[in-house]
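Asker: This is what each chain is made of:
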Amino acid sequence: MTTLPQQTDKKLGLVIDLDTCVGCHACVISCKGWNTENYGAPLSDQDPYGADPSGTFLNRVHSYEIQPAEGHAQLIHFPKSCLHCEDAPCVTVCPTGASYKRVEDGIVLVNESDCIGCGLCAWACPYGAREMDQEEKVMKKCTLCVDRIYNENLPEVDRVPSCVRTCPAGARHFGDLGDPDSTVSQLVAERGGVDLMPEQGTKPVNKYLPPRPKDALPEFDVLAPFLEPVAQEPKGFLGWLDKTLEKL
Amino acid sequence: MHPAPSVIFFSTFSGLGFGLLFWLGLGIPGVTGFSAFAFFTIAYLLAVGGLISSTFHLGHPERALKAFTQWRSSWLSREGWCAVLALVILAVYGIGLVFFDSRWTVLGLIGALFALGTVFTTSMIYAQLKTVPRWNMPLTPANFLSLSIAGGALLAGQVTWAIGLLIVSGIIQAATWVMGDKAFGNSGSDLASATQLGHIGTPRAFEPPHTGTNYLLREFVHVIGRKHAQKLRLIAISLMAVLPVVLLLLPFNHLLAVVAVLAHVAGVLAARWLFFAEAEHVVGLYYGKR
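Chains A and B supply the protein sequences, listed in that same order.
The first sequence runs 1 to 248 under full-length UniProt numbering.
The second sequence runs 1 to 290 under full-length UniProt numbering.
Pulled out of the complex, with its shape left as it was, chain B reads as follows (with noise of 0.2 Å):
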């Protein structure tokens, strides 16, 4: 899959955003005043800026109030509007605990909630998906919860969660990876389901029907990187649970912790750059090509 950074950079800094707002909705770290608006502030800035981001990669950005309406389907008008609860319903909560120093329970969570569902709708925007193997399976939710939650942790400064939190998601992580690695060929699907043609012996992809590349080639078929895909497997597993876990066991420190949270975002990003690199689609069958 051709990994756009328009959905990167939203996938990553949203999750992130809503794994803040998660545990602002918890009530952890139980901030009031100035330093819960700070607290708000940078959650809202990564969950819209995020959310804002993925709106550059639509070809009609300016009828995406349409996607509000297919929720009984849609998992992505269903995240539309889990963003969007999540988002009202932490303002409101926000403006309690900034301006008038009350802490509303119950709205903060289910603003929690919402945040944790925004997060899950995403994933299931993939994970729906049977055309990509790779990202078909119950992992791709595990993996995109626990990183927002354990990132979430980060950035609200639980010490003890946060490193609990990344050692999980840095497990799932790498089992999202071994599993993943074996789901295309565990699919079914090959050139021959694909043709049906297997029973007449083995089948080769002789002629493409275009001498150019095409929108299916461009989206689906993505196949630069993928031979550095180990070094990058393991730089982005390193900076996104190993680092920040050893940063955050040695005694506390404001720049050790900024840095752990640094490192942590360059490794999810990485780590969703390989999500779209490495996911193959079972179109690339009719091509020949993964």
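This is chain A alone, in the form it adopts within the complex (with noise of 0.2 Å):
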């Protein structure tokens, strides 16, 4: 069914720390490895080893140079996946019901022997999160490793999504954030958390917490008092030798 639920018990999701996203990438190949051979058809590349290489990938870290109006440009690696939205216009394009929204946990996910294929989802979403696969001809996105989450045959430090586990910054967690008193949700508050195009009315669950201001150090030196300049004008002995080698 392609109707939104009216509300979730859950709503699953992540949180992006861009403060210490180092951008190494570990979280798009983790990513790949674990849902290439698990839920779903694999992950296909086309021409993986030739002149034109593409794939399908359901996490990827761009990065962003941001220019302050004074002092030095910031560079700001930002991983994107699908955000789980709470309106996820991506599920109401769907023609077949193959692209629905949990109602127990909020999780994105898509039906693929209902996927017809026609793009439209991918369409409907403004942050790419949707990749056709070009070998299976079904629409392929990140599915918050359902399939890890609540397996018991994992170890329970196992039990999150491939990139959280993966990340070996920490700059990735996991949580309900519907649940206001969750980590997650607490680390949203602290921090300032954000949502990316609110403007886009898509109301998305994973949110991003923003660089914190950089550390600035004062004009100050431990060694100032004991470097009293000399004087600026040479007096005495020294002054007359300025004034006579100034004449030759």
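For the record, the hints were derived by calculation from the structure and aren't laboratory data.
For glycine and all other residues, C-beta sits at the position ideal for the given N, C-alpha and C.
Keep in mind that a hint or two might mislead.
What the hints assert, rightly or not - Chain B is nowhere near these chain A residues, computed Cβ spacing over 10 Å in every case: (1) L109; (2) E131; (3) V160; (4) S185; (5) Q200; (6) D215; (7) P218; (8) Q232.
To be verified - To be clear about the criterion: a stretch of chain A counts as covered by chain B if any three or more of its residues have a C-beta under 8 Å from a C-beta of chain B, and this derived list gives those stretches: (9) 35 to 45; (10) 50 to 56; (11) 142 to 156; (12) 189 to 199; (13) 234 to 243.
Join these two chains into a complex; the hints should help.
Answerer: As structure tokens, this is what we get:
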């Protein structure tokens, strides 16, 4: 059913810390590794070792340069995957009901056996979170590793999305953003987490933590009191020498 | 947006076909027997041919029947229903005209309504997308509907109606371009809103996530041909509206009428190509492209 649920029991999602992300792309690789051999069709590559490689990824890391009015530019690495929006436009446009948002946890999924590969859901997504697999001709997207997070065959520490588990910097957090007391919700409240493209009205569940202001060193030198400037104008013998040498 | 030929042909020809079916459903021209058969054949070839060509862009056309299930929420599903209902109802109405020499007026009116509904739902597939500001405005359905009704009048041989409607559709087409040019700027989406990093300074796409291309860039970031957009617009509107109107104003001649139809079709194809090629998806912002 492609009508959206009025509300979901949980709002599972990711919180991505743009201050901590080092841009290593490990989340991209671990996402592709897990998802190419688990839920749904594999994530195919086209011409992977040739001159024009391309392929299906559910998570990609952009890098942006931010130039403040004054001072140095700042480089920010920016991982982007499905934001599991509350008002997901990709779900309502689907003609077959293949695209749906789960009532129990708010995860947006694609039932691949119902997908006709029309691509309209990818057109409706402002974030580029959906990619049509060129081999299977069905729409692929982040499943929030639905096959990990409830998987009792995995050790408890692994029951988080693959990208979160692998991030070496701890820049990715997973939890219930519908519960104000959850660690992710508290993190969002504390750090002022934001929605991407709020003007699109999608109400994303995933939040981004903006980079904290950089430390600015004050103009301060501990040795300053001991280094009073010497006389600017030479006097006495040195003054005489200076003037004499100037005249030569 | 990538201008896929299958979708351009679909929307142009099925638009014309359903436009003609609309007029036939209204009983204009009031044909029966063999000439009704000829009119209905042309309309069905255009409408059904267009619909078949639209399935070429599907990854799994064999599952297309599933697209009838989500009419409550999806414009694409509603389009499927309207098309099937229009084609079935007007086929029954056509049988009455061709074989029984009788006009079942109410059936024709209902069919005409669904024929217009098909064109409207097609246009809403595009107009609903907030992600493509150029399409996300009421002028998009006005554009599709006016072209369909005008083209239908032209095919139905309704010279007076066609002249008026071609002028109206030309004006709406021009307005669509003028308003469309401002749409992205007015949408409020830019790299600062996409990254939410504008409070620090001016963001710039520094490094893309991948060295090669991908589905998103192929599908949504199509910049080829935009540099000739102004010339193409002139060509499109001249062929679509100006030339047919001039030809129709001349003393009536079947050859001139055929030229008017061909010019109109070529103009609509060019305009539809521009409709896709000029449309910019907000996802391009993340790549520093539009």
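Asker: With reference to the structure, classify each hint as holding or not holding.
Answerer: Hints versus structure:
The claim that L109(A) lies off the interface holds: its Cβ sits roughly 15 Å from the closest Cβ of chain B, which is beyond the 10 Å cut-off. A Cβ of chain B approaches the Cβ of E131(A) within 10 Å, the least distance being about 4 Å, so the stated non-interface status is violated. Interface exclusion of V160(A) from chain B stands, the closest Cβ pair being 22 Å apart, more than 10 Å. With a minimum CB-CB distance of about 18 Å to chain B, S185(A) clears the 10 Å threshold, and the non-interface call stands.
With a closest Cβ-Cβ approach of about 6 Å to chain B, Q200(A) is found to fall inside the 10 Å limit, against its non-interface label. For D215(A), the condition that its CB be more than 10 Å from all CB atoms of chain B holds, with the nearest at approximately 15 Å. The claim that P218(A) lies off the interface holds: its Cβ sits roughly 21 Å from the closest Cβ of chain B, which is beyond the 10 Å cut-off. No Cβ of chain B approaches the Cβ of Q232(A) within 10 Å, the least distance being about 40 Å, so the stated non-interface status holds.
For the region 35 to 45 of chain A, the assignment as covered by chain B is violated, since 0 residues bring a beta-carbon within under 8 Å of that chain's beta-carbons and 3 are needed. Proximity of the region 50 to 56 of chain A to chain B, defined as three or more residues with a beta carbon under 8 Å from a beta carbon of that chain, is established by the 5 residues found. Closer than 8 Å: that is the beta-carbon criterion, and the region 142 to 156 of chain A has 0 residues meeting it against chain B, so the requirement of 3 is violated. Given a C-beta distance limit of less than 8 Å, the hint that chain B covers the region 189 to 199 of chain A holds, as 6 residues qualify and 3 suffice.
Remark: the region 234 to 243 of chain A is not confirmed as covered by chain B, as 0 of its residues place a Cβ nearer than 8 Å to a Cβ of that chain, below the required three.
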